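Visitor: Here are the chains, one letter per residue:
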Amino acid sequence: MTSLLAVLIDGSIYASWLFLVAAGLTVIYGVMRILNMAHGSFYAIGAYSAASLVGWYFNNGIGPAWISYLLLVGAALLAGLIVGVIIERGLLRLMYGRDEILMVIITYALLLILEDTMKIVWGVNPYFAYQPYSELGRTSLGLLKVSNYDLSLVGVSAVIGLVLWGLLERTNTGKVLRAVIHDREIAVAMGVNVRLMFTITFVIGTILGALAGALTAPAISVVPGIGIEVIVLAFAVVVIGGLGSIGGAAVGALLVGLSRAAAVHYAPEFELFVIYGVMSLVLAFRPEGLFGRTLARKI
Amino acid sequence: MKNNKTTFSKYLVSGVAALALTAGLASGASAAENGKFRVGIVTFLSGPAAGPFGVPSANAAKVLVEALNKGELPAPYNKIGINGAEIEAVIIDEAGGATKQVEEYRNLVQRQKVDAVIGYVSSGDCLAVAPVAEELKTFTIAYDCGTSRLFVENSDAQYMFRTGLDASVDNIGAVRYLAATRPDVARLSGIQQNYSWGQDSWADFTAAAAKLLPESEVVEEQFPKIYQGQYGAEISALSVKRPEIVHSSFWGGDMEALVLQANARGLLEDATGLLTCGEASLATYKDQAPNGMIIGARGPFGAFAPENDLNTWFKGAYNAAYDLDPVYPATKMAQAILGLKFAAENAGVADKAIPTADQLAAGLKGASFPSVSGTVEMARGNGHQAMQGIAYGEYHYEDGKASIVNSVAFSGECVTPPEGVSAADWIAQGFPGAQCN
Numbered sequence: 000m001t002s003l004l005a006v007l008i009d010g011s012i013y014a015s016w017l018f019l020v021a022a023g024l025t026v027i028y029g030v031m032r033i034l035n036m037a038h039g040s041f042y043a044i045g046a047y048s049a050a051s052l053v054g055w056y057f058n059n060g061i062g063p064a065w066i067s068y069l070l071l072v073g074a075a076l077l078a079g080l081i082v083g084v085i086i087e088r089g090l091l092r093l094m095y096g097r098d099e100i101l102m103v104i105i106t107y108a109l110l111l112i113l114e115d116t117m118k119i120v121w122g123v124n125p126y127f128a129y130q131p132y133s134e135l136g137r138t139s140l141g142l143l144k145v146s147n148y149d150l151s152l153v154g155v156s157a158v159i160g161l162v163l164w165g166l167l168e169r170t171n172t173g174k175v176l177r178a179v180i181h182d183r184e185i186a187v188a189m190g191v192n193v194r195l196m197f198t199i200t201f202v203i204g205t206i207l208g209a210l211a212g213a214l215t216a217p218a219i220s221v222v223p224g225i226g227i228e229v230i231v232l233a234f235a236v237v238v239i240g241g242l243g244s245i246g247g248a249a250v251g252a253l254l255v256g257l258s259r260a261a262a263v264h265y266a267p268e269f270e271l272f273v274i275y276g277v278m279s280l281v282l283a284f285r286p287e288g289l290f291g292r293t294l295a296r297k298i
Numbered sequence: 000m001k002n003n004k005t006t007f008s009k010y011l012v013s014g015v016a017a018l019a020l021t022a023g024l025a026s027g028a029s030a031a032e033n034g035k036f037r038v039g040i041v042t043f044l045s046g047p048a049a050g051p052f053g054v055p056s057a058n059a060a061k062v063l064v065e066a067l068n069k070g071e072l073p074a075p076y077n078k079i080g081i082n083g084a085e086i087e088a089v090i091i092d093e094a095g096g097a098t099k100q101v102e103e104y105r106n107l108v109q110r111q112k113v114d115a116v117i118g119y120v121s122s123g124d125c126l127a128v129a130p131v132a133e134e135l136k137t138f139t140i141a142y143d144c145g146t147s148r149l150f151v152e153n154s155d156a157q158y159m160f161r162t163g164l165d166a167s168v169d170n171i172g173a174v175r176y177l178a179a180t181r182p183d184v185a186r187l188s189g190i191q192q193n194y195s196w197g198q199d200s201w202a203d204f205t206a207a208a209a210k211l212l213p214e215s216e217v218v219e220e221q222f223p224k225i226y227q228g229q230y231g232a233e234i235s236a237l238s239v240k241r242p243e244i245v246h247s248s249f250w251g252g253d254m255e256a257l258v259l260q261a262n263a264r265g266l267l268e269d270a271t272g273l274l275t276c277g278e279a280s281l282a283t284y285k286d287q288a289p290n291g292m293i294i295g296a297r298g299p300f301g302a303f304a305p306e307n308d309l310n311t312w313f314k315g316a317y318n319a320a321y322d323l324d325p326v327y328p329a330t331k332m333a334q335a336i337l338g339l340k341f342a343a344e345n346a347g348v349a350d351k352a353i354p355t356a357d358q359l360a361a362g363l364k365g366a367s368f369p370s371v372s373g374t375v376e377m378a379r380g381n382g383h384q385a386m387q388g389i390a391y392g393e394y395h396y397e398d399g400k401a402s403i404v405n406s407v408a409f410s411g412e413c414v415t416p417p418e419g420v421s422a423a424d425w426i427a428q429g430f431p432g433a434q435c436n
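Just so you know, the sequences run in chain order A and B. Quick note, in numbering that gives the first Met the number 0, the first sequence goes up one by one and the last residue is 298. Quick note, in numbering that gives the first Met the number 0, the second sequence goes up one by one and the last residue is 436.
Excised from the complex, chain A in its bound form:
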């Protein structure tokens, strides 16, 4: 019984983290049709920015601990905004209209550049921002003790998911974005400033990636390479859910999170396999993913 409870809790926490990581990736693909390999770098930049800022805040004993949570979010917003605008305006804008495969290669090159840039800026030694993680304490459920910070991530993830859904479904900007997703050429013909929409979308995606990194930073040692590791998981989640679907990313994250937690508790030897096993199973029956749309090819 304890193990079952642990699977549900661990699975939900891991799923919320996966959703945070995958949301930006799927938003960018949904609107811009760019499979953004550099998304992991945005995650890492968010983690480094947050760890640097929070570390500085606590090392200098500047104020109360609750401010550090604002700093985490603030660091992610600022880093995501700056990096997003620079990359979209300075690089991607010159590449729009190219083949999707070419965009994969371009964003992969971007990932390489950003990884080395991070090493120049932050070096190779680990950064820590553990205070926000330990300050919230833990909740005991029998033998199981759960970090309150981890539990709060479930709520944060749900809020971000709802905000994204509301933005796309309940606002005029969202309607315009959906029009761009549905048919870019018709949207242009109807007077939509697609380039502006692309900038907004890319910056939102970058901020989401940075936010995922910033919220993860307190629980980990921020070291070179952390962005590389998450990108594969993020791709698995969005492929399961259907590329470009926010709801799909949420369901994909939940499927992967719960499956992995179950494997860890009941069959640890399958832990590595289970994520890609779920992905293979979904793709075998729905190649476009659970919530992906089958698109007619334009000739």
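What the hints contain is simulated information worked out from the structure, not anything from laboratory work. On a predicted model such as this, the values are computed, not experimentally measured, just so you know. Beta carbons: idealized from backbone N, C-alpha and C, even for Gly. Check the hints yourself; a few may be wrong.
Unchecked claim - Calculated cross-link-like contacts (lysine-lysine; reagent style DSS-like; alpha-carbon spacing at most 27 Å):
no., chain 1, residue 1, chain 2, residue 2
1, B, Lys240, B, Lys61
2, B, Lys285, B, Lys112
3, B, Lys112, B, Lys61
4, A, Lys144, B, Lys240
5, A, Lys144, B, Lys112
6, A, Lys118, B, Lys224
Said to hold, decoys possible - Residues from chain A shown here face chain B by an in silico Cβ test under 10 Å; the list is partial:
no., residue
7, Gly10
8, Gly122
9, Tyr132
10, Ser139
11, Lys144
12, Ser146
13, His181
To be verified - Residues of chain A clear of chain B, computed beta-carbon distances all greater than 10 Å:
no., residue
14, Ile12
15, Leu69
16, Gly73
17, Ile159
18, Leu167
19, Arg169
20, Thr198
21, Ile225
22, Leu271
23, Gly276
Please build the complex by placing chain B on the supplied structure of chain A, with the hints as guidance.
Guide: For chain B alone, coordinates are given in the frame of chain A:
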């Protein structure tokens, strides 16, 4: 040790990060032409292993080379450079995987004309480079990799040496520490990175525990992916089994994240953590690791290095250069460089002459040399493998300062299989011939 995995990062950084960090940058001239002793230093300068292992090692190499060239080391290493010849160090990145490292090794020997090579954290890299060292007849010291296969697969090695310890020593020593300090421990668990390093470490630990702690049982074992970073489910799975000991051979960021998360969730309060590589992060745990957590340094290195003139000098010089105490990878690099110097000056060649690879090999084979970690006996692997003791102790953090308490050291003969016997066989037979203090 450890990571033989080729990741995106390794590919990307290896392309741009073949750095030559110190003097002697790739002139291509042979060492004999300029009268200097050129040594290739290979360690991780990029990727996840750079921070915990590569950078401290490269820093140690720079400190040693600079001081040796000035003749600043205590006796018997106070002769300038190596045998009187100035040292040129060519430091390159180990990232990129074994195939790339073989190319880099050939480049070091054939184009950069190094007289010797010191390097390799990854066991995969060590195993790949060893036969090439023999083929190219180049004196090579593996300073950190721990694979037991190095001198099993290269039993007739002439030019390959290792001044660090075999990884089986880590886990035999860990079990001996438990047997000495917690003989009644009954419930063991483990969490290891899911590749050969983690699997081999756990196999050695559980096999040794079956012999030395016969009343104990393994209640849980977890093998998450390397660099996973998030261990929520694994910590839950361990917690619900109520272990007394949580053994881990994690290293680097994975180890630090595990300690942070397991401590915040109370696992390291309910059970005692045992980290075989734990000393490498001694300065970073602060109050996020519980007092009493057992840590090791893969030998008498880092904070476990004994007090002697060499170690006092090394700690002072390293601290002066980097404002940090040297962690175990730094000590191991220093040991390898001292081993090279000893070999050259024990080779019986004229002052300032640069010994050949055969002379260097003869100078180190089966020798005993003083080091920052005490006396190193090249007493295993047909005289090519170092034998030393190992120590474990408990982490203690007080008044903003981390230290190690309740340290217990075990002699080399207590934790090292006899010549010609594999670690697995020695453990299975119940450690015949072990001489423990």
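Visitor: Confirm or reject each hint.
Guide: Verification of the supplied hints:
1. A C-alpha spacing of about 47 Å is found between B/Lys240 and B/Lys61, which places the hinted pair above 27 Å, so the restraint is violated.
2. In summary, the hint linking B/Lys285 to B/Lys112 is not supported, as the alpha carbons are separated by about 45 Å, beyond the 27 Å threshold.
3. Taken as a hint, the B/Lys112 and B/Lys61 pair is honoured in the structure, with Cα atoms around 20 Å apart against an allowance of 27 Å.
4. Restraint check for A/Lys144 and B/Lys240: the C-alpha separation of about 13 Å stays at or below 27 Å, so the hint holds.
5. Restraint check for A/Lys144 and B/Lys112: not satisfied, since their Cα atoms lie roughly 58 Å apart, outside the 27 Å limit.
6. The straight-line distance between the Cα atoms of A/Lys118 and B/Lys224 is roughly 24 Å, inside the 27 Å bound, and the hint therefore holds.
7. A least Cβ separation of about 8 Å between A/Gly10 and chain B falls short of the 10 Å threshold, and the interface hint therefore holds.
8. For A/Gly122, the shortest C-beta to C-beta distance to chain B is roughly 8 Å, which falls under 10 Å, so the interface hint holds.
9. This hint holds: A/Tyr132 has a C-beta 6 Å from the nearest C-beta of chain B, less than the 10 Å allowed.
10. The beta carbon of A/Ser139 is positioned within 10 Å of a beta carbon in chain B (closest approach about 8 Å), and the interface hint is therefore held.
11. A least Cβ separation of about 4 Å between A/Lys144 and chain B falls short of the 10 Å threshold, and the interface hint therefore holds.
12. Below 10 Å, beta-carbon pairs count as interface contacts, and A/Ser146 has one with chain B at about 5 Å; its hint therefore holds.
13. Annotation: interface hint on A/His181 violated; nearest CB of chain B at approximately 33 Å, more than 10 Å.
14. The claim that A/Ile12 is not at the interface with chain B is violated, since a C-beta of that chain comes within 10 Å of its own (minimum 5 Å).
15. Consistency note on A/Leu69: stated as away from chain B, and its beta-carbon is indeed over 10 Å from all of that chain's, at 21 Å minimum.
16. For A/Gly73, the condition that its CB be more than 10 Å from all CB atoms of chain B holds, with the nearest at approximately 22 Å.
17. For A/Ile159, the condition that its CB be more than 10 Å from all CB atoms of chain B holds, with the nearest at approximately 18 Å.
18. The claim that A/Leu167 lies off the interface holds: its Cβ sits roughly 28 Å from the closest Cβ of chain B, which is beyond the 10 Å cut-off.
19. With a cut of 10 Å on Cβ distances, A/Arg169 stays outside the contact zone with chain B, its closest approach being about 33 Å.
20. At the 10 Å boundary, the C-beta of A/Thr198 stays outside the reach of chain B, the nearest C-beta of that chain being 27 Å off.
21. Separation of A/Ile225 from chain B is inadequate, the least Cβ-Cβ distance of about 6 Å not exceeding the 10 Å criterion.
22. At roughly 6 Å, the least C-beta separation between A/Leu271 and chain B is not larger than 10 Å, which violates its mark as non-interface.
23. Listed as a non-interface residue, A/Gly276 keeps its Cβ farther than 10 Å from every Cβ of chain B; the least gap is roughly 14 Å.
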